[in-house]
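Chemist: In case you want the letters, here they are:
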Amino acid sequence: EVQLEESGGGLVQAGASLRVSCTASGFSFSSHGMNWVRQAPGKGLEWVSYISSGSGTIEYADSVKGRFTISRDNAKNSLYLQMNSLRLEDTAVYYCARDHAGCCSTTSLDFWGQGILVTVSS
Amino acid sequence: QSVLTQPPSASGTPGQRVTISCSGSSSNIGSNYVHWYQQFPGTAPKVLIYRNNQRPSGVPDRFSGSKSGTSASLAISGLRSEDEADYYCAAWDDSLSGYVFGTGTKVTAL
Numbered sequence: 524e525v526q527l528e529e530s531g532g533g534l535v536q537a538g539a540s541l542r543v544s545c546t547a548s549g550f551s552f553s554s555h556g557m558n559w560v561r562q563a564p565g566k567g568l569e570w571v572s573y574i575s576s577g578s579g580t581i582e583y584a585d586s587v588k589g590r591f592t593i594s595r596d597n598a599k600n601s602l603y604l605q606m607n608s609l610r611l612e613d614t615a616v617y618y619c620a621r622d623h624a625g626c627c628s629t630t631s632l633d634f635w636g637q638g639i640l641v642t643v644s645s
Numbered sequence: 008q009s010v011l012t013q014p015p016s017a018s019g020t021p022g023q024r025v026t027i028s029c030s031g032s033s034s035n036i037g038s039n040y041v042h043w044y045q046q047f048p049g050t051a052p053k054v055l056i057y058r059n060n061q062r063p064s065g066v067p068d069r070f071s072g073s074k075s076g077t078s079a080s081l082a083i084s085g086l087r088s089e090d091e092a093d094y095y096c097a098a099w100d101d102s103l104s105g106y107v108f109g110t111g112t113k114v115t116a117l
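Those sequence lines, one after another, are chains A and B. Note that the working numbering gives residue 548 to position 25 of the first sequence, counting from 1, and the numbers run on in steps of one. Note that the working numbering gives residue 35 to position 28 of the second sequence, counting from 1, and the numbers run on in steps of one.
Chain A extracted, bound-state conformation:
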């Protein structure tokens, strides 16, 4: 059974940093691209970042470019999102989501974690 579990969320002050993680199981993690998608309270879905199976391709939404860094450790079946210079508008539930393909851009997101809440306060 495919499982994705996020961790590391919480309450931080504006300007601070936070790293969220996603641990995968039940599939060949190194064969799939991975994504972070977020959803602000009461709002729609917003794609944040993509990393290909071998980390050769990385993309970011303009709203987080230069502040967030996506990475993965295939030996540990783990995906990470390092978030720096956090802003109030980064408050959201962050989902990790498996890409159907291994490369080279986001296709269909066929499995999702349960999400982790990141709250940025002033």
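Among these hints, one or two may not hold up.
Stated by the list, open to error - For each label pair, taking beta carbons as the anchor points, the in silico distance ranges come out as:
no.	chain 1	residue 1	chain 2	residue 2	range
1	A	D585	B	P67	45 to 55 Å
2	A	S594	B	G49	22 to 32 Å
3	B	R87	A	R542	37 to 47 Å
4	A	C626	B	G37	21 to 31 Å
5	A	G577	B	T20	29 to 39 Å
Calculated from the structure, these hints are not laboratory results. Don't be surprised by glycine CBs; every beta carbon is placed ideally from N, CA and C.
Given chain A, work out where chain B should sit, using these hints.
Modeler: Coordinates of chain B only, in the frame set by chain A:
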């Protein structure tokens, strides 16, 4: 601000056919696959349709997707009360080098 436009709401009586539109541009829907996601309150989204019109295993065949030019649509044939949820279209955007979601449509069974 999403580049894919959906109606904010859609509704129908049980058994009716409901259609949700998704309007984009040549850089996203016009040149890439469209995918549809279903989300119930407080839960993670789930892929409903991928590659324009493909249903993952387990998705009822009353859900169908289509694409024409720079627009796509999701149809629910024979609406059921358990289909009440939010629905999002999505596609890769070559100009943005990013994945874009639609604005979302809330479906209600009257």
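Chemist: Let me make sure I understand: some of the numbered hints might not hold for this structure. Which ones are they, in numerical order?
Modeler: 1 and 5
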